[in-house]
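Participant: Chain by chain, the residues:
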Amino acid sequence: MQIEAKEHALIRQYLLGRLPESGSAGLEERLLTDSEFYEELLISEEELIDAYLAGRLSAAERQDFENHFMISPERQEKVRFARALKRYVAAAATAAAAPELAPEMPPVSEKETASFAASASPANGMSTSPRAATYREKRSIFSFLVIRSPLLAYSLAAAVVVLAAITIVTVQNTTRHEATHFAAVTISPGGASRSGDQAHQEVRIPGDADGVRLQLKLAANQYHYYECTIQNAAGDTVISQTSLTPRLVDGQPAIIIEIATAQLPPGEYRAKVSGVQPGGNSESVDSYYFRVLK
Amino acid sequence: MRKDWVLTQESFDALLAWLSPDREQAGAKYEEIRTRLITIFTCRACGEPEDLADETINRVINKLPEIKDGFIGDPARYFYGVANNVHKESLRPKPTPAPPPPSTDADEIERELKCLERCMQQLPKAKRELLVEYYQDEKSAKIDHRKHLAVRLGIAINALRIRAHRGRVSLADCVRDCLSATAA
Chain E
1 MQIEAKEHAL IRQYLLGRLP ESGSAGLEER LLTDSEFYEE LLISEEELID
51 AYLAGRLSAA ERQDFENHFM ISPERQEKVR FARALKRYVA AAATAAAAPE
101 LAPEMPPVSE KETASFAASA SPANGMSTSP RAATYREKRS IFSFLVIRSP
151 LLAYSLAAAV VVLAAITIVT VQNTTRHEAT HFAAVTISPG GASRSGDQAH
201 QEVRIPGDAD GVRLQLKLAA NQYHYYECTI QNAAGDTVIS QTSLTPRLVD
251 GQPAIIIEIA TAQLPPGEYR AKVSGVQPGG NSESVDSYYF RVLK
Chain B
295 MRKDWVLTQE SFDALLAWLS PDREQAGAKY EEIRTRLITI FTCRACGEPE
345 DLADETINRV INKLPEIKDG FIGDPARYFY GVANNVHKES LRPKPTPAPP
395 PPSTDADEIE RELKCLERCM QQLPKAKREL LVEYYQDEKS AKIDHRKHLA
445 VRLGIAINAL RIRAHRGRVS LADCVRDCLS ATAA
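Taken in order, these protein sequences are the chains called E and B.
The first sequence: position 80 = 80 (the numbering used here), numbered continuously.
Remember, the numbering used here sits 294 above the position in the second sequence when you count from 1.
Treat the hints as calculated values from the structure; they're not laboratory data.
Accuracy of the hints is not assured; some may be wrong.
[Claimed, not checked] In silico EDC-like pairs for lysine to aspartate or glutamate, Cα to Cα no more than 20 angstroms straight-line:
| hint | chain 1 | residue 1 | chain 2 | residue 2 |
| --- | --- | --- | --- | --- |
| 1 | B | Lys382 | E | Glu29 |
| 2 | E | Lys86 | B | Asp348 |
| 3 | E | Lys78 | B | Asp401 |
| 4 | B | Lys436 | E | Glu66 |
| 5 | E | Lys78 | E | Glu39 |
| 6 | B | Lys323 | E | Glu39 |
| 7 | B | Lys323 | B | Asp348 |
| 8 | B | Lys408 | E | Glu29 |
| 9 | E | Lys86 | B | Asp307 |
| 10 | E | Lys294 | E | Glu283 |
| 11 | E | Lys86 | B | Asp438 |
| 12 | B | Lys441 | E | Glu46 |
| 13 | E | Lys78 | B | Asp467 |
| 14 | E | Lys78 | E | Asp34 |
| 15 | E | Lys86 | E | Glu29 |
| 16 | B | Lys357 | B | Asp307 |
| 17 | B | Lys436 | B | Glu423 |
[Claimed, not checked] From chain B, some residues computed to sit far from chain E (all C-beta separations above 10 angstroms):
| hint | residue |
| --- | --- |
| 18 | Thr336 |
| 19 | Phe365 |
| 20 | Asp368 |
Every residue gets a Cβ at the ideal spot worked out from N, C-alpha and C, and that includes glycine.
Let's have the full structure, built from the sequences with the hints guiding it.
Facilitator: Structural data, given as structure tokens:
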């Protein structure tokens with residue numbers, strides 16, 4: 001049985017505690033008697049949690065999520081798990097996108113075989129383990145040599161190692177030249193100008209930059225994670241990121257957002273940073289106003 | 295709420311017999327009803343959903359001798375009616391505010407990530423890849439990605455949602471077990 005779109009919306013409202021008692025009676029009775037419908041509720045729960053972590057809920061939905069949905073410890077656990085899964089998937093996707101410098105090697109021990117087999121890149125080239133690189137086996141690349149003299153074998157081996165090292169360095173240098181160039185810009189929390197308008201800090205993007213690394217300075221690092229949403233002058237969201245951890249910039253904690261120049265045409269922007277508490281509740285931390293010039 | 299009634303093996307057996315003549319199916323049905331009652335009480339923001347679900351079941355068992363012969367339809371509906379009464383009663387005394395969420399320190403987060411990674415490695419390759427592919431990307435890129443994934447697997451988008459959900463549930467179970475094992 002296919003669940004209709006209006007039922008999806010109804011389930012979402014129910015999960016956020018927005019349905020009146022009269023409206024939820026039929027839905028709850030169905031939850032008890034219809035297995036597919038119940039599974040749909042569980043899927044909707046996961047989708048709601050993912051949307052929350054990705055910053056895709058409206059302010060009102062967010063409030064209902066935090067005040068109603070998150071009230072039970074089981075759901076808090078689900079949010080923690082979703083956050084961990086999100087991190088894992090992001091790391092796995094990054095690992096999959098990274099160029100493979102070495103072919104896969106057969107493992108040596110049984111334990112390592114299991115670990116390797118589990119983390120090895122599949123046929124489509126995607127490695128699903130973010131730590132796949134650390135599991136990759138160090139195979140003897142000279143095993144194909146059938147030379148009985150150890151001296152000759154080691155000499156040949158040394159020559160191959162030197163050649164391989166030169167090749168790798170060359171490849172790395174080439175890759176570095178072709179890598180994305182981000183222009184770093186540090187922005188402090190924005191205050192109001194004398195006229196009462198927000199004072200916009202100017203961000204000049206060099207012509208050769210592929211993107212901008214916005215370093216949003218924090219007055220203090222008081223939260224487990226941070227979230228950041230950048231909006232243009234029309235109020236449209238340009239980028240939204242969650243699960244951010246601060247790094248030190250000039251000795252001060254800062255949230256770092258990398259954004260492509262194409263997403264930042266000249267104009268005025270506002271970056272809103274929120275801090276996320278251990279239970280998942282978020283609080284507004286600061287706003288940063290900046291004007292992009294090219 | 296009434297809690298002086300004691301559940302006996304005999305009365306519990308009677309409940310199972312009412313749910314299904316096949317004892318195995320009856321056990322599954324019982325678990326299903328209990329889990330869903332907990333979900334409903336959770337959705338109603340009740341502080342102790344498991345206790346309320348158990349109280350509901352106890353009351354149904356207590357009433358069983360009177361109703362089982364005359365009741366027609368899915369027994370789950372009867373549970374629902376009783377659950378509503380139990381819920382109303384639970385609202386009479388002012389509910390105590392929910393305790394603050396347990397703190398999550400950096401070590402705990404790291405432990406959870408390690409467990410997640412271990413559980414991911416235990417999954418069959420196809421399932422692992424499906425989870426990573428299904429949950430990657432954001433917004434429109436994610437929607438496009440899922441469409442392509444469904445086409446590649448030769449299934450409808452909704453079937454893909456269900457498949458990813460089931461994988462996620464088994465992964466979450468594995469992580470929970472791993473966390474309790476490493477905490478012990």
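Participant: Please go over all the hints and tell whether each is borne out by the structure.
Facilitator: Checked hints:
1. With a C-alpha separation of about 16 angstroms, the suggested pairing of Lys382 of chain B with Glu29 of chain E holds against the 20 angstroms cut-off.
2. Between Lys86 of chain E and Asp348 of chain B, the direct Cα distance comes to roughly 34 angstroms. Violation of the 20 angstroms bound is thereby established for this hinted pair.
3. Distance hint between Lys78 of chain E and Asp401 of chain B is fulfilled; the C-alpha atoms sit about 18 angstroms from each other, no more than 20 angstroms.
4. Restraint check: the Cα-Cα separation between Lys436 of chain B and Glu66 of chain E comes to about 25 angstroms, which exceeds 20 angstroms; the hinted pair is violated.
5. For the hint linking Lys78 of chain E to Glu39 of chain E, the alpha-carbon distance of about 16 angstroms falls within 20 angstroms, and the restraint holds.
6. Annotation: proposed proximity of Lys323 of chain B to Glu39 of chain E holds, straight-line Cα distance about 15 angstroms (limit 20 angstroms).
7. For the hint linking Lys323 of chain B to Asp348 of chain B, the alpha-carbon distance of about 15 angstroms falls within 20 angstroms, and the restraint holds.
8. For a cut-off of 20 angstroms, the pair hint linking Lys408 of chain B to Glu29 of chain E is broken: about 39 angstroms separates their Cα positions.
9. About 44 angstroms separates the Cα atoms of Lys86 of chain E and Asp307 of chain B, which puts this hinted pair outside 20 angstroms; it is violated.
10. The hinted pair formed by Lys294 of chain E and Glu283 of chain E fails the criterion: a straight-line CA distance of about 33 angstroms is larger than 20 angstroms.
11. The hinted pair formed by Lys86 of chain E and Asp438 of chain B meets the criterion: a straight-line CA distance of about 18 angstroms does not exceed 20 angstroms.
12. With a CA separation close to 19 angstroms, the supplied pair Lys441 of chain B and Glu46 of chain E stays within the 20 angstroms bound.
13. A threshold of 20 angstroms between alpha carbons decides the hint, and for Lys78 of chain E with Asp467 of chain B the separation of about 11 angstroms falls inside it, so the pair holds.
14. Proposed proximity of Lys78 of chain E and Asp34 of chain E is contradicted: the alpha carbons are some 23 angstroms apart, above 20 angstroms.
15. Our distance criterion of 20 angstroms between C-alpha atoms is broken by Lys86 of chain E and Glu29 of chain E, whose separation comes to about 33 angstroms.
16. Under the criterion of a C-alpha separation no larger than 20 angstroms, the hint pairing Lys357 of chain B with Asp307 of chain B is consistent with the structure, at around 14 angstroms.
17. Taking the CA atoms of Lys436 of chain B and Glu423 of chain B, the gap is about 15 angstroms. The hint holds against a cut of 20 angstroms.
18. Its beta-carbon lying about 5 angstroms from the closest one in chain E, Thr336 of chain B breaks the requirement of being farther than 10 angstroms from that chain.
19. Residue-level check passed: Phe365 of chain B sits 14 angstroms from the nearest beta carbon of chain E, beyond 10 angstroms.
20. With 10 angstroms as the threshold on Cβ separation, the claim that Asp368 of chain B sits away from chain E is violated: the shortest Cβ distance comes to roughly 5 angstroms.
Figure legend: structure checked against the earlier numbered hints; hints not met, in rising order: 2, 4, 8, 9, 10, 14, 15, 18 and 20.
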